[in-house]
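As given, the protein sequences belong to chains X and C, one line each in that order.
For the first sequence, the numbering used here assigns the number 1 to the initial residue and increments by one for each residue that follows.
For the second sequence, the numbering used here assigns the number 1001 to the initial residue and increments by one for each residue that follows.
In case anyone wonders, no lab produced these hints; they're calculated from the structure.
Hints are not guaranteed to be accurate.
As the list claims (entries may be wrong) - Okay, derived cross-link-like pairs now, SDA-like style, lysine to any residue, Cα gap no bigger than 20 angstroms in a straight line:
1) C/K1089 to X/D89
2) C/K1189 to C/V1009
3) X/K417 to X/R88
4) C/K1195 to C/A1185
5) C/K1042 to C/Y1225
6) C/K1285 to X/P406
7) C/K1068 to C/A1185
8) X/K314 to C/K1042
9) C/K1065 to X/A423
10) X/K314 to C/V1009
11) C/K1285 to X/N407
12) X/K314 to C/A1018
13) C/K1065 to X/V164
14) C/K1065 to C/V1263
15) C/K1068 to X/R88
16) C/K1079 to C/G1221
17) C/K1285 to X/D89
18) C/K1065 to X/E411
19) X/K314 to X/W333
20) C/K1079 to C/P1156
21) X/K314 to X/V164
What the hints assert, rightly or not - If you only want the chain C side, here are some residues facing chain X, beta carbon under 10 angstroms, derived:
22) A1014
23) K1189
24) T1229
25) G1259
26) S1270
For each residue, glycine too, the CB sits at the ideal point set by N, CA and C.
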Amino acid sequence: MSFPWANHYEPKQPFMRWLDEKLPLPRLAYNAVGAGYPVPRNLNYFWNFGVLAGAALAIQIVTGIVLAMHYHSDAATAFSSINGTIMRDVNAGWFLRYAHANGASMFFIVVYIHIFRGLYYGSYKAPREMVWLLGVVIFLLMMATAFMGYVLPWGQMSFWGAQVITGFFSAIPGIGETIRVWLLGGYAPDDAALNRFFSLHYLLPFVIAAVIILHIWALHIPGSGNPTGVDVKGEQDTVPFHPYYTAKDGFGLGVFLLLFAALVFFFPDMLGHPDNYIAANPLQTPAHIVPEWYFWPFYAILRSFTSDFILPAKLWGVLAMFGSILLLFFLPWLDSSPIRSNNYRPKARTAFWVLVLDVLILGYCGGSPADPAYVIVAQVCSAYYFLHFLVILPWIARTERPVALPNSITEAVLAGKGGTSPAETALAH
Amino acid sequence: MVRWIAALVGLAFAGVLAIALVITVWGVASDSTPKIWTGAPKSAETEFHKHPRDAGLSSAGVFGKFDKQQLQRGFQVYKEVCSACHSLKYVAFRDLTGLGYSEGQVKAIAAGFDNIPSINPDTGEAATRKGVPADHFPLAFANDIAARAANNNAIPPDLSYMTRARHGGADYVYSLLTGYQDQPAALLKEFPEAKTPTGLHFNPYFANLNIAMPPPLKSEGQVQYSDGTKPTVDNMARDVAAFLVWTADPNLETRHQYGFMAVIFLLFSSLLAFGAYRNIWRDVKH
């Protein structure tokens, strides 16, 4: 679907006309990410992050395929194939490895901003529920891929991370331990686990790419949202994706690559853990087992459940950790307010900022040792996390009085308020 | 309906967390010596562990470069002192050109190692031979059991990645090597049970304060430098730390060089992209 005023693909060269009759791939690209896709004119920089996430996935796939050419998925040689061969003997192997490891972090940074953009501007609401649902699926697939990828170097954190994460399954009453052993192919992570993780780590990115195609397809049916949350009313409200947003995304991509390069070339270990430069040793547990930074908020939620209550504490923790992501599937129906953008929802906006702070604190606690002070703070923040999505937001949606909306995107743009960012709104109040 | 179920689920999680919170707070409050930031009670480790001192190496920072003279001195310390117990298995002799040695010098260094495991071509029995540049540094012990047997049940770790496998990196290595001392009287007074056991050595930079490794650098002149640098314990420790930065990160200089090229290129192209963006949008208010 598209707006009636969308540009139409008209191939001029004979070859392109011939191709369009047989396989209209250029037409598809033209309508999807070319001049044939009308986009609201008022998108701010937060709308760059979808394209950036796609770029991050592409970087991961390209670097990953080359790394896989040199990597051994064998518990005896995995560590040395990376730290001996790739880092030292493969031409630019160190670059590929750092780019892939830090690329995962960049992918998560970009996707977290993309998700919070969606939360602030109500991108999950009708008519874009399916875009949101597919996005949550992508996020889950990313987490699985990242976890399995982190196991592959077979360092101390790889091994013990795998041990802890697969241990979640043993929290299932009765059959948990059986499931864990079945998933690992043994009683502890070893060759069988390493090989299946490598196989799946290679497969899942392509599944992610496929779901991204569905995500974009679902997005193109209603068209992109915008910072006002007001529907597109006419041609004056939109510009063609190309060249307007391809140019803007080009600039965004430059800034993204700049930060990425700074990490890869100057701080390649900043987001990693020193223990992963020690080869896996099943007989020696590291002092503090911590996952990668992008899992810290969820790890904090897991560790907050310290007391048995009807169910064992561990099961509560695992349920809550998975629940904290699965609840996002219900968000479009939990927040029943018809107003999309938080720019016009004073109470929801306050709750949003509390949530941002809450998740940052959870992340900090998740990366720290499980000392009582961090556990107490994490318990309070975990409780807020669930209350925010499951109680507070649905309640606000029913009781809040929104600020008057602009009549159209163009009206908002002409008033200088078309692309108001969360920070601008926060500062104005 | 969805909202009612959701609210119940949310309240259930929050309720269980509230119970857990009360129990955690109660646990801290009823502890006779509460130490809220480190769950563990006060101990010699929590009170006397020290953070590494700055080794002041030229390789630190984004402009970092190796001091090749220092790397060669550090290599000498490794070869003459550390290599008795510690392997360097990910480093090959051919890599030593990175320290500024010529190919001929590398050949000579490799040939100086006559304990490279090999197989006798006539009998098929295990044998040893002289090293060639393609060989890696030989292991210090045949296997972990031999290493344990010779070292009071502790395995001397491989040093290839030592400066990246510990918090504090090179500063940690330098501090540890220069940090051996007698146990402070204050420590023994406060924690008499924490007296360093026989066979271990007190070192405040080591995680649990008692390290199995005896002080490896004991006296000035233990290694004879040929470049006129005074072989004090401090200098030897700093030099070997610098060498281990190189073994753990031999591409550091290339990485920094490429980094500057990449950043300059990307700054320039981002500026161009920004110009293109503003130019294309010049007539569209947004």
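**Report entry** Straight-line alpha-carbon gap X/K417 to X/R88, limit 20 angstroms
**Finding:** Status violated; Cα separation ~53 angstroms.
Query raised in the report: Taking 20 angstroms as the top limit, are the C-alpha atoms of C/K1285 and X/D89 close enough?
Result: violated, 53 angstroms
Query raised in the report: Close enough to count: is the Cβ of C/K1189 nearer than 10 angstroms to one in chain X?
Result: violated, 26 angstroms
Query raised in the report: Do the alpha carbons of C/K1195 and C/A1185 lie within 20 angstroms of each other, as the hint requires?
Result: holds, 10 angstroms
Report task. For the pair we were handed, C/K1065 and X/E411, check the Cα-Cα distance against 20 angstroms. Result -> Status violated; Cα separation ~57 angstroms.
Query raised in the report: Taken at face value, is the distance from the CA of C/V1009 to the CA of C/K1189 at most 20 angstroms?
Result: Judged against 20 angstroms, a Cα distance of about 54 angstroms means the pair is violated.
Requested in this report: For the pair we were handed, X/K314 and C/V1009, check the Cα-Cα distance against 20 angstroms.
Outcome: Given pair X/K314, C/V1009 holds - Cα atoms ~17 angstroms apart, limit 20 angstroms.
Query raised in the report: Is the shortest C-beta separation between C/T1229 and chain X less than 10 angstroms?
Result: With Cβ-Cβ at 28 angstroms, over 10 angstroms, it is violated.
Query raised in the report: Within 20 angstroms, alpha carbon to alpha carbon, are C/K1079 and C/P1156?
Result: Distance ~15 angstroms between C/K1079 and C/P1156 Cα, so the pair holds.
**Report entry** Restraint status (C-alpha distance of C/K1065 to C/V1263 at most 20 angstroms)
**Finding:** holds, 18 angstroms
Query - Pairwise hint evaluation, X/D89 against C/K1089, where the allowed Cα distance is 20 angstroms at most - result: OK: C/K1089 and X/D89 at ~14 angstroms, within 20 angstroms.
Query - Given pair status - X/V164, C/K1065, alpha carbons within 20 angstroms - result: violated, 39 angstroms
Hints 2, 3, 5, 7, 8, 9, 13, 17, 18, 19, 23, 24, counting from the list given before, are not met by this structure.
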